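Asker: So the chains spell out like this:
2 protein chains.
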Amino acid sequence: MERLFGSVTIKINDKIYVKDPQSSDLGKRIIEQSILMINDIGFEGFTFKKLGNQIGSNESSIYRYFENKHKLLLYLTSWYWGWLEYQLVFATNSIADSSEKLKKAIEIVTRPTVEDSAFSYINEVLLNNIVINEYSKSYLTKEIDSENKEGYFVIYKRMIERFNEMISAVDSEYKYPSSLASTILEGSLHQYFLKDHFPTLTDCHEKGDATKYFTDLVFHTLRTK
Amino acid sequence: MERLFGSVTIKINDKIYVKDPQSSDLGKRIIEQSILMINDIGFEGFTFKKLGNQIGSNESSIYRYFENKHKLLLYLTSWYWGWLEYQLVFATNSIADSSEKLKKAIEIVTRPTVEDSAFSYINEVLLNNIVINEYSKSYLTKEIDSENKEGYFVIYKRMIERFNEMISAVDSEYKYPSSLASTILEGSLHQYFLKDHFPTLTDCHEKGDATKYFTDLVFHTLRTK
DNA sequence: GCAAATATAATAGTAATACTATCAATGTGT
DNA sequence: ACACATTGATAGTATTACTATTATATTTGC
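Residue numbers (my numbering), protein chains in the order written: chain A, 173 to 397; chain B, 173 to 397.
Read the hints as simulated data drawn from the structure, not as lab findings.
Keep in mind the model is a prediction, meaning the values are calculated, not measured.
Every clue listed holds true.
Stretch-level coverage of chain A by chain B, calculated; a stretch enters the list once three of its residues show a Cβ under 8 Å from a Cβ in chain B:
1. 211-218
2. 313-319
Here are some, though not all, of the chain B residues that point toward chain A, as calculated from beta-carbon distances under 7 Å:
3. His362
4. His369
5. Cys376
6. Tyr385
Subject to a maximum C-alpha distance of 27 Å in a straight line, what follows is the list of computed BS3-like cross-link-like pairs (lysine-lysine):
7. A:Lys273 / B:Lys347
8. B:Lys309 / A:Lys187
9. A:Lys397 / B:Lys384
10. A:Lys384 / B:Lys329
11. A:Lys314 / B:Lys314
12. A:Lys397 / B:Lys347
13. A:Lys243 / B:Lys367
14. B:Lys314 / A:Lys241
15. B:Lys379 / A:Lys321
16. B:Lys200 / A:Lys314
We put the beta carbon where it would ideally sit given N, CA and C, even for glycine.
Using the sequences and the accompanying hints, generate a full structural model.
Answerer: What follows is the structure, given as structure tokens:
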């Protein structure tokens, strides 16, 4: 995907990191390689020590960027949602018709991820996999309420809010726009998970099926003018 | 809720435990107190050592019932799904009309949990909380495929399959019955989670809202005869 | 009622994890 | 050349997630 402006950066809440990984070479390698590694061995098996070995750096150096691996996961997933939000806004901004706009929005968030060459050290396809397999671990914790207060989940919440508005623009009478919005976002991740591990629990096996499923669901539920 | 037969037991895949906790007093205390404790301090903070202290028993004794805390979580959540499945089948079995049947089924799985006096050592309300907050951690692991093969998730899968069938009975043309079934089950847990921690991301704030939301969603999507 | 079997408790030990602290080496700007 | 920031290396700690062994109750079978 081509970008209008030379360098778009995804802005992440600076409380998530100790030192901005985008600000140095080591920081970028931490991000790049942690994506490969978490994708490979899973978040549970992932440690800063292993990451240090892989990038030829030291455990203690990684701690200068992130307090712990939980924060690193928050960083990666925030980045993903920020990236997806950018695509969402970019693709839907110019659409006047509210139904078409919502349709496009659903497509953006339910379609399979493709690599974006604009961010060379981030593999979006693998990052999407991480989001599918690990995102809920980032909020299913005892610290959720305080971390939410700190604003660690703002991007995700803003995305749901955008959907909320698009849904209400299509049908202002609909009583559950936020619930529907969150069902689309979480539900889409879940359908991709099921496809890989519980294939009998989903009908979304082919490319495009998830988009069709959620589009069908939403447009049967809403009353379009 | 009253039970027809004096002692219904929820049958759990015996590969999940080393020794059946239902078979002894200590076993039941492990289940009872682990529910209280996981609910209280979360699955991450929960250890067999702490549990041992709380029940006045020894860490090593708990290991004779469960290989590790992951297996214990699988046991608890399997029990929950088995319990819910029993209620589902019990409540919908006698309903002839397929739409009414599905409506009832949605109600059963989306309504707030109430305590069931038939299982004295299990607090279903807290267990439901655990399922909301921890269930996905039981399958979002690198071992998912082998554990699935071992049948650790059969009850959950059977529940989705039951929904699948009820959906297809209402609308045999509908193309995504499994996806819709899994959306209802996972989505319902998620709406309850949002209500407590991200209230702006859901519209299900009052008792009964989740049932209304999903009933509305499903019956707008399906073509009823 | 007693021996045998079984269940539970107590203790110790291990490798790995998730850090913190300290200090040395290297590079960068002025 | 000197200050300062960055990174690397090493060591150390508390906790976790176990395993192993032995001791002590408790149950049961005869």
